[in-house]
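Can you build the whole structure from these sequences, using the hints too?
As given, the protein sequences belong to chains A and B, one line each in that order. Going left to right, the first sequence walks through residues 1 to 356 as the numbering used here numbers them. Going left to right, the second sequence walks through residues 1001 to 1558 as the numbering used here numbers them.
What you were told as hints is all true, and nothing was included just to trick you.
Chain A side only, calculated, beta carbon under 10 Å to chain B, not exhaustive:
id	residue
1	L55
2	H98
3	P108
4	D167
Calculated directly from the structure, the hints in this document are not laboratory data. None of the values given here were measured: they were computed from a predicted structure. Every residue, glycine too, gets a C-beta built ideally from N, C-alpha and C.
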Amino acid sequence: MSQVEKVRVKNLTKKYGKVFAVNDVSVSIRDGEFFSFLGPSGCGKSTLLRCIAGLEVPDAGSIYIGNDLVTSVSEKLIVSPERRNIGMVFQNYAVWPHMTVFQNIAYPLKIKKKSRNEIQEQVNHTLELVRLQGLAERYPSELSGGQQQRVALARALVMNPEVMLLDEPLSNLDAKLREEMRFEIKDLQARTGLTIIYVTHDQAESMAMSNRILVMDKGASRQIGTPRDIYETPSDSFVAGFIGLTNLVPVEIVSRHEKGCEVELPGGQTLSCRMDISGKEDAILSVRPEDIEISGSPVKEAVKGTIKRAVYLGNVVDYRVSINEHELRVQTSPRQIFQTGETAYLSLERNLLFSV
Amino acid sequence: MKMSVVRILDAKFAVMAAALVAVIVITIYPTVLLFIRSFLVAGTFSLQNYVRAFSIEGNFEAIYNSIWVSATVTLLCVIIGTCLAWLTSRTDIGNKSHLRTLFMIPFSIPPFVGAMAWIRLFGPAGLANQLLEFITGTEREIFNVYSPSGVVLVLAVHYYPFVFINVVGALDRMDPTLEESARIAGASVFRTMRTITLPLVAPAIVAGGILAFIGTIENFGIPAMLGMRARFFVLPTVIYRLLHVPDIPAAIALSIFLIALTILALFAQRWILGRRSYTVISGKAIQPRIARLGVWKPALTIGAWVFVCLVVILPLFAVFVTASTKYVGAPLVPENFTVKYFLYILFEFPMTQRAILNSLFLAGAAATIAMLLGAVISYMKVKARVPGSGILDAVGTIPYAIPGIVIGVSMILAWSVGPIVLYGTIWIMLMAYLMRYLPSSIRSTNATLHQIDDSLEEAARTSGASWIDAFKDVVLPLLRPGMLAGWILVFMPAFRELTISVLLWSGGTETVGVATFELQDAGYKEIAAALACIVLGIALVGDHLIWRIKGWVERVPS
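Given below as structure tokens:
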């Protein structure tokens, strides 16, 4: 993966009526990168992808693919989808039911008026890439969901696009097949060095596959970073809550010092944080369930609570611990198990503060 | 190589403007003209036409007749259609799929052919009356089909399939767990039917009933052939009579009144169904729960087959026998059978030859033009989503609410004076057919286009195809089976059309409907029956084709 930019989106805005589907989003994707747009349904991630594909006309902003300006609202320029040299895979595959597997995959090459031999050769090569050898003469209705998905991938791959756009390609597959295809897409990218933009609402999927992730909510960009950045240093409480599990507790900052601050939890107990947010009294404390240590006896810097529920899950024990009126979720290794009703002392490691 | 947003929209607006002009000429101009003329007397606004229309003796009675006939027929259709639907969807009655096909056949029989058949059976000296006379030895006929009750009965036989097909569809697609839950909750079979099944299919019953009502109130062929001889008039036949007087202003006023009645029925449907939009009926075909008929099974099976004999086999048999025996009333022995009437209408008689060619041309042209125009209008609305295309779609489907006889009247007004006179030519009939059948072609292309997911076209675009290429390579091939079905769906009724044609024909532009009607009226029963047999054959084959095509359209995954 190089540092060369492959796709650049600048201040893109798309409205449906009065609703902002995409609100002033800027992002750049590097050559050879596996980049995800991640967010809950309706957050605008698909609309953003469709703007890049040229299937939607934005209300403001511009888009570059390679060195070409392909969308610019201020210059009234919309390069139509067929001239962008992109490959796209749709959520419902969009494999043409009236064409065989071969015809589906050959279609982009036929449009480009390639010679017969060239088409034959490239389609065969692509069929091999997606492991569909021997199915070339089948019709889509004779294929399984996973096979149809491979046809869609092959069709997008065959024309050697500048960038591949994948719109929730695995969401219609069952869990086992999804896992398998995840690996295959990742492997395909490794072998071809393609730039991929991948839209998904599944945070585990995007964590597992991406070099970097754009987290979106209500049309706005919330954070851009590597999976580790996003998990460990989320930029706000939405990102912290959306990626993985976390406890979000409303707190009040009572005193500040060089290394951080002291906060008061609901109910009056205090806790020290290693970070600070400037200017405000009210804040949200975020701490992941696996970052909380439980102890049966008082520990320095710990808050006191009562075990409300303990569920044994094998690799971890999942607790609900109430601290005054607030409940925290805690996951620890099952070496020491606490019973419901026991008093517990919680050390909230690696906690983060966000503004309200 | 770069295309601006504005230019793409320009091209689509140009296509839409052309479609708009076509719809204005075909639909809006005649409709608006009819409406305006109903309020004009000697160039000034007046209600005089309406006053006249109501004061002519018999007109008021015709309105009354139209309403009670339609209401009675609708009630009969609902009862017959719902019972037959339940029998073939939810019981263990034998030969279900055959029964279903047979129950649908009256739908394919043109109303005027049905009327001819019933005349042959129950007319004076009809086969059934003769048979009864032979058995009982009395001179009294059991039933005279030239009567108000004859009109009602034959209409009900023709229109019950509308209810039947709607209710069968609803029953087949209903989620069986809804009924099973009621049984588990402790309800008996009968109670489940009354409190769960029936309310759930009620919207389908209402929808079918309204279709039957509208079909009945605008039907011309049956009341014309069975009612007029008994001096029993309904709105379409009275309008027909007024045009022959001629009393155009009164005909116009009654036409507007007839439109009002149909619109009222459509609003009633909206009002009833609007509050009952159920989504419990799933799209999938699931095996529903089957009721065991037990001891009733033999009786109901026999009943169903007797019904089939009465409404399907006997009428078809009567028409066929009339056409293929030497004279009406000849004993049914081999030496009395002949094909001479078929040969006569096909190879010797210029009028019937012309009629067949005219009908083939009119139906083919109407189906082709309506289909293309319909495809453009629905594409603009469903796929391109051009602003304003919704209005075009709505306006194009207005003639749904306009009875055939009224379309005929409005065509006379629109094309018999002014710069372009089409009256007396075949082109006025083509215009009328287009207005009549554009709604169904728009509906069918809408449905087909909705089945083609947008992403199929978008995938072509991102594969490098321009929108013309994408339309040509992806949308059109997927649209083709649906368009073919839609084409036949226009061709079939247009080929056997009578109501409009009977108002607009003149020497040389006869259609098969007109020719059959006129020949029957003039007493040439054998020739009329032979022509009816040809119409029937084409109707049955065509309707069968539609079912087949619909079958494979639904199998295309979207």
